[in-house]
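Asker: Here is how the chains run, residue by residue.
2 protein chains.
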Amino acid sequence: MADRSEPRRRGRPRGAKSGDTKARILDAATAEFSEHGYEATSMRAIARRAGVDPSLVHHYFDDKQGLVAEVVSVPLRPDRVVQEALEAPIDELGERLVRAVLGAWDSGPVRPAAIAALRSAVGQGPVARMLREFLRREIMHRIASALGPAEDAELRAELAASQLVGVIMVRYVLAFEPVASIDVEELVRRVGPAVQWHLTGRPGTLDTVASQANNSTHDE
Amino acid sequence: MADRSEPRRRGRPRGAKSGDTKARILDAATAEFSEHGYEATSMRAIARRAGVDPSLVHHYFDDKQGLVAEVVSVPLRPDRVVQEALEAPIDELGERLVRAVLGAWDSGPVRPAAIAALRSAVGQGPVARMLREFLRREIMHRIASALGPAEDAELRAELAASQLVGVIMVRYVLAFEPVASIDVEELVRRVGPAVQWHLTGRPGTLDTVASQANNSTHDE
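Residue numbers (UniProt numbering), protein chains in the order written: chain A, 1 to 220; chain B, 1 to 220.
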């Protein structure tokens, strides 16, 4: 915001007008994301298109991630859900990610909107590119960063995410029983270790660096 | 075929006519699957709708699984790919399934058709229900059967499939790098153990029954 080039400030909106402004910003964001994708779109470009000051965009939507959630009408910030789970110790990340992601999808208002967003991401419409770039930048990169400087951190993060995406597909989209109805904690027990293994496991084996660390602690 | 109720037999088609007949059967199959789903549709109902003898449907398409592959224009029989992988020893199933499924998707003619089919399965169109029932009946059930009488065989099969579906999503649909370009054998090393773990692992741990069996063999 420091290098804002357009000096006109309009202050906070009041009354009925604010709904119009917010809707105009959302329309502009949808158009910019559709034309340029998630990464190449700036908050400033959205403000310009909507004909408002950039500070207003930040006022209504916090940041670009927040705008994406609103564009696809998902009442949830997936980047925050994942970020919070990633604050756990590294050998608990698998279970924490499964619990956080499935807990979010299980909630009533989120599920239908999230399924619709997933369908868009898989499809070929203009929203697809935005959602894929968002997933890559805000989810995969975040998970990879939590793994530290490992050479294969990006690959591990994507494979961990692949397991999460797969469970989401079977539970919510394909809706196969028993996975569709089983308790989240049972899935945490069964899927958590697979995610953990992608994050910290030794390829070709079923050992994980984390579980080995645990074992040597127990041995002492 | 023993209890065929319509006695009219037309024999095998000849010349240009056979193409018409095959196309008519495919149209009828598409319509029947769309209206009634995969499980409730019989070869006989398709023959009736196409106005041909049921033996002709079997002549052109072998069986119902073959018809599904033709309806969605995928030049591959996913049920056979999986069935072949399932003939491996139980503690190799994870790697074998990953190698077979990704090997099939990697092949040039299969990939675009398979991606289109996956988009349909995720969508809400009439083909979605057929594909989901097909996946459930011909893929999940087959994997579950390979696990023997385990009480949670269906759940394990679906979770193993969830890992496969997730890698397919990240590699082919979302096309995230590095997973999109990495060698299949590297994915076999990294994803195989996760699939194996779903099939034979002990929930809440990273041990598998299979790897423990191996370990005790090594100890002796």
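Honestly, the hints are just simulated from the structure, not real lab data. From the three backbone atoms N, C-alpha and C, an ideal C-beta is built for every residue, glycine too. Check the hints yourself; a few may be wrong.
What the hints assert, rightly or not - Facing chain B, from chain A, some residues (calculated, C-beta under 8 Å):
{"no.": "1", "residue": "A144"}
{"no.": "2", "residue": "L174"}
{"no.": "3", "residue": "V184"}
To be verified - So, partial list: chain A residues that the calculated Cβ filter (under 8 Å) puts toward chain B:
{"no.": "4", "residue": "L135"}
{"no.": "5", "residue": "Q163"}
{"no.": "6", "residue": "G166"}
{"no.": "7", "residue": "V173"}
{"no.": "8", "residue": "V179"}
{"no.": "9", "residue": "R189"}
Asker: Given A144/A as an interface hint, is its Cβ closer than 8 Å to any Cβ of chain B?
Answerer: This hint is violated: A144/A lies away from chain B, its Cβ roughly 11 Å from the closest one there, beyond 8 Å.
Asker: Does the closest beta carbon of chain B sit nearer than 8 Å to the beta carbon of Q163/A?
Answerer: 5 Å, holds
Asker: For the restraint on G166/A, tell me whether the closest CB of chain B is nearer than 8 Å.
Answerer: 3 Å, holds
Asker: When the nearest CB of chain B is found for L174/A, is that gap smaller than 8 Å?
Answerer: 5 Å, holds
Asker: Against chain B, with CB atoms and a cut of 8 Å, does the hint on R189/A hold up?
Answerer: 4 Å, holds
Asker: Should the hint that V179/A touches chain B count as held when the rule is a Cβ pair under 8 Å?
Answerer: 5 Å, holds
Asker: Let's test the interface hint: is any C-beta of chain B closer than 8 Å to that of L135/A?
Answerer: 7 Å, holds
Asker: Less than 8 Å between beta-carbons is the criterion; does V173/A satisfy it with respect to chain B?
Answerer: Status holds, d = 6 Å.
Asker: Would you settle whether the hint for V184/A is holds or violated, based on the nearest Cβ-Cβ distance to chain B being less than 8 Å?
Answerer: Violated, about 14 Å.
Of the numbered hints listed earlier, those contradicted by the structure are 1, 3.
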